[in-house]
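There are 2 protein chains.
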Amino acid sequence: MPAAPPESAHGGDTSGYDRAAVRAVLDRARAEGRTSLTAPEAKAVADAYGIPAPREALATSAEEAVEHAVELGLPVVAKIVSPDILHKTEAGGVAVGLETPQDVATAYHRILANAQAHSPGARVEGVQVQQQLGGGQEVIIGATTDPTFGKIVVFGLGGVLVEVLKDVAFRLAPVTPAEALEQVGDIKAAEVLRGVRGGEGVDTHRLADLLVRLSHLVTDFPEIAEADLNPVFATASAAVAADLRFVLDFDPPRPPKRFSREEILAATNRIFRPRSIAVIGASNETGKIGNSVIKNIVDGGFEGEIHPINPRSGEVYGLKAYKSITDVPGEVDVAVFAIPAKFVAGALEEVGRKGVAGAILIPSGFAETGEQELQDEVLAVARRHGVRLLGPNIYGYYYTPQKLSATFCTPYDVVGGTALTSQSGGIGMAILGYSRSTRTGVSAIVGVGNKADIDEDDLLTFFGQDDNTNAIAMHLEDLKDGRAFVEAAREVVPRKPVVVLKAGRTSAGARAAGSHTGALAGDDKVYDDILRQAGVVRAPGLNELLEYGRALPVLPTPRGENVVVITGAGGSGVLLSDAVVDNGMSLYEIPPDLDAAFRAFIPPFGAAGNPVDITGGEPPSTYEKTIRLGLEDERVHALILGYWHTIVTPPMVFADVVVKVVSEARAKGVDKPIVASLSGDTEVEAASARLFENGIVAYPYTTEKPVQVLGAKYRWARAAGLL
Amino acid sequence: MPAAPPESAHGGDTSGYDRAAVRAVLDRARAEGRTSLTAPEAKAVADAYGIPAPREALATSAEEAVEHAVELGLPVVAKIVSPDILHKTEAGGVAVGLETPQDVATAYHRILANAQAHSPGARVEGVQVQQQLGGGQEVIIGATTDPTFGKIVVFGLGGVLVEVLKDVAFRLAPVTPAEALEQVGDIKAAEVLRGVRGGEGVDTHRLADLLVRLSHLVTDFPEIAEADLNPVFATASAAVAADLRFVLDFDPPRPPKRFSREEILAATNRIFRPRSIAVIGASNETGKIGNSVIKNIVDGGFEGEIHPINPRSGEVYGLKAYKSITDVPGEVDVAVFAIPAKFVAGALEEVGRKGVAGAILIPSGFAETGEQELQDEVLAVARRHGVRLLGPNIYGYYYTPQKLSATFCTPYDVVGGTALTSQSGGIGMAILGYSRSTRTGVSAIVGVGNKADIDEDDLLTFFGQDDNTNAIAMHLEDLKDGRAFVEAAREVVPRKPVVVLKAGRTSAGARAAGSHTGALAGDDKVYDDILRQAGVVRAPGLNELLEYGRALPVLPTPRGENVVVITGAGGSGVLLSDAVVDNGMSLYEIPPDLDAAFRAFIPPFGAAGNPVDITGGEPPSTYEKTIRLGLEDERVHALILGYWHTIVTPPMVFADVVVKVVSEARAKGVDKPIVASLSGDTEVEAASARLFENGIVAYPYTTEKPVQVLGAKYRWARAAGLL
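Each protein sequence line maps, in turn, to chains S and Y.
For the working numbering, count along the first sequence from 1 and bump the result up by 26.
For the working numbering, count along the second sequence from 1 and bump the result up by 26.
Calculated from the structure, these hints are not laboratory results.
Accuracy of the hints is not assured; some may be wrong.
Repeated chains share a single entry, so a pair holds when one copy, or any two copies, can fit it.
[Said to hold, decoys possible] Dumping the calculated BS3-like pairs for lysine-lysine here, alpha-carbon to alpha-carbon at most 27 Å:
#, residue 1, residue 2
1, Lys314, Lys651
2, Lys192, Lys214
3, Lys314, Lys283
4, Lys551, Lys192
5, Lys192, Lys368
6, Lys283, Lys192
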């Protein structure tokens, strides 16, 4: 077989693959109505993609088995070959450690007898005699078809322990060699691969190469639903798949409809920057959603045209109302629906005829209440007319640069860089309340609800190119099309942080699967690995989603990994140091000259090193000098401040000093991320707010949160390739 | 050897141990100036405590080695026996897998030659010939001497993976059989012991028995500093220590001074409930610590006697001042020091002569600035007079039931059930500010600072029996005497939750150790396991310490594990469910009759099951009916509420409804823990406060925190044996 040597695939060159050979094997299986491959077929598929497997041969008699064994070299493994027997071990169809010709002959007969007993009438093609591998490190490499993400590959160590500890790493297929290498190093026990207790390390490049090849195979042949290379024996000079299993599905689910980037932007630019909005069901009656919506759009200060649509009223909230949107003069970009679910499809026909770009479907009573058909009907109308739908079952959406509050909630007007989206209305309300309470600068708040049409990847595409948006924070419970989301995220992440709160982490449970890999692919670990692969910062909870959303656009991007803690309280310094490690950063080992420079500013019993402990009783000037030094020294890339409330340096004095020093540095072009933890009496709350307003991310009564936020910024900066 | 059969130790019966045999071995090692044992010595020690080890015999010639091997049964292992060679493998002094008599003879000569080459002049006693074990599961059992906790035992699986993943569990020695069994089950990979992939499980009782015996051995003989049973081969019917290593230390550090419970309570009861307080260095000069302290005691409303001590003033803050405390008429319970460090020892002499119970040493300038000698001198004065010291280097202490604010910070007067302590002044200030901001009901806030004398176990002992305290929350960076702390905690936990924030989690680093066990004993994992063993609830960060401290006394204790989520927002329900699992609880599987009862109150498209999703547009009565049902049904033990802000049920209406339903239930004697997550506009902040005041632990904008707090309550209730 003309299998490509490992090198060829390292650059992603797939020209060495023998696709025709795979095609032939799969076609035969399909023709025979099989969903699995025999061992020789699997070997042929592996050979075609340069996946090293043990040398082997098919025997149809005990004599032939012995001949093959001697030729391959003892010891050997013998396995039943039958298209009707998938689980060979359970059928007694496998014998290992055959050391002598006599062993081989005996095993041949026993395997046939077992297979016959286990599956009477099974078609038996013979017994596969195979080199017995061993030694080195056992690993598992596999691929499966995830309902959200499609083809994914998995890597893990073999053996019982890892099976119990579920120490595996997933990546979206196909993987590049660099991604595969990173995947191999991503398991918790990766140290084992480097060799421990004097053991020799394995060639991780060869393992990565196997992942690349397998990922290409399942991408090229979507009907390969699951694949296990298990175990793969890895040594310092080889990686050979000792056993191969393929599960086929010739009728895979169709991927969801995709729009091109241009189509998405054409629609969303009109939706978020409309010149003209119609409110279907606008009403003068207080308490009605149609009343709240029209009020909010008007009171929120929207400066484009606003057209109430109401069959009964001549005027709504002081604006001329139309019986039908088709009566509205000129073009309409957005139609906000505030009418009961059952009337939506009818009204949407008119909206579609009017050439509206986006229908904002506030009404509930669709899929979330079991009315999937009604929702499908509405979507069909939208597709027919080329209208994009937001919702249904949403609170609406805000876009502050346009002073647009198209929602039945209250207007929001603190303009800033964060775009927030939520799948749930409850979470949307929490976003609004939290933003208002903390005066978070927001570009948009969007409810996606049932996601009949517009979903997170559409919004990512819009916000990614929206100059008013610097960070995107999304609450989601599922992804309609995980692959489209990943593609959109990869495009955006190099420019802006994308934060995701994925709810439903623990609901995965067991999934029926025909392979080991499939069984390992619990929902949340797949989400976790693949979102990380896409460069997304995952928020562990709602509060973090909100805090990251608030803080990330405020914090400058660090230029390097050297984090320094400057603290007035040794106790805070210890907790801040804990948090630094917890959040994937490390304390900069301060060089002697810089250490001496810090020491010059602090009492002799203070501790330089990192944290720089300036001690508790110091005046504002000590904070000022040490923070200035940290800002001005180019080797320091981020500062974490620990403040301790004292009479000598009260909270607001500390805040003012920090703001002053930071402003001076910014005037000189130095802008480093700074976060602060304020310990003290209640005045630290106002001081924290003052700092936050000035771009220093500060919190009272917590040492964890400021560091967690800085860690999120670092995670993004690394994913964006900025570090 | 008369080793006790496994059964005898299960009940903690140690009468079968042959202490004299161990004594003899250790005495011989000590006499020879050795810190390690030879293999036969180690075997003798194991035999004396009934620790199963392979059968073995000492050979002093190749012929004798072969004889032993044949008698023990081939294959065998051969090991050098030399008091001068500790690391036998490195010396080439071990041969395994000796299958034939010829192998044994060859190995004998090779081992002697290797040993001679490796350590010329080493005393060689011969070669130990030992049964070769194998099969079953390899585990490691060990003991070491922790600088904080003293003797501890460790359990883990053997092999490279666990070494890499550090999957081990520690317990304070001695362990009971029940504790040891729980320890064996505490490793992440415990499932392996139960048998996976068709493998046979091991007898965990035998492993627990080994832990018990080893824990008794190191407790009985403190000079055994470290012990490794590594590997232990465990099967369904046996657990045999294939290799034994003991490291001796005949000059162990002395344990710190201990006071009896009576002594501690005699002193602390006077300190926290003084009738008379002197302030050493009380001053009229604003800005001086001695001025702040006297003001705070007076203004805080302390109703006992207050005596300023100041050599120059006749009157301080309107009170008669004395030149010396010895001039004060009558008994004085507490002396608060507000004078420079260098004068403390002198003043303490007078305080001691006056028979004061506690000296509160606010001044800094002791060990924390390198002045360890000065601190030692002060402690010596205190010990001579029987005065207990709090501090030095602290902000002072508060005890609200006595209206006592003996501190240079500001008074605090919200009386409640939480006692908080901090090792760091900065953290103390955060405690004060947070408490004031949230109106947390507090019994005491205490700074322990340098802990020259009074430390956390003294305070635990006091608060444990203090009727004004319902929960104890402690920030600590180290424990002077971990064993005393554990003993105090074990005494308190059955009655009150003890929450600990242990700072410095990640600072452990590598520690020089002579054994595998010693090397595994990183600081934080030891703290984590042993604090849990003591029933302490560990707070992951400062904010959690404060939240747990605030909420635990407010929440009733659950009577069982059945947690039900009732939510108006499906989105919150999903996040709350995630949080339930994250925090070690599980959603109650609601029985059909109760499910039907819930369904009767909610819309047909709402989801019963758990979470009970009442859907978003519901009126207050739906919340009311479902919450009442959850409170009244005896099978439900705790409620988690998810509120979604709507016009139909505004935040304060929701709060009032919940308070009403809960009050009615309490009036009927039903008091279950209820926590709530409020999603909505800013009004949810006031609604959350209203709920909290009424004993419903509620937070806005977070689904995680309420569940985390409930989880902390559950962790405590389980540790206290209440579930």
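Results for each hint:
Taking the closest pair of Cα atoms, Lys314 and Lys651 come within 27 Å of each other only across two copies (26 Å); inside a single copy the shortest separation is 59 Å, beyond that limit. Taking CA atoms no more than 27 Å apart as the test, Lys192 paired with Lys214 passes in both settings, with 10 Å inside one copy and 11 Å between copies. Taking identical chains as interchangeable, the C-alpha atoms of Lys314 and Lys283 are never at most 27 Å apart, the minima being 35 Å within one chain and 74 Å between chains. For the homomeric pair Lys551 and Lys192, the shortest alpha-carbon distances inside one copy (9 Å) and between copies (21 Å) are both at most 27 Å.
In this homomeric assembly, Lys192 and Lys368 never come within 27 Å of each other (Cα to Cα): the closest approach is 47 Å inside a single copy and 59 Å across copies. Taking the shortest Cα distances, Lys283 and Lys192 never come within 27 Å of each other, neither inside one copy (34 Å) nor across copies (47 Å).
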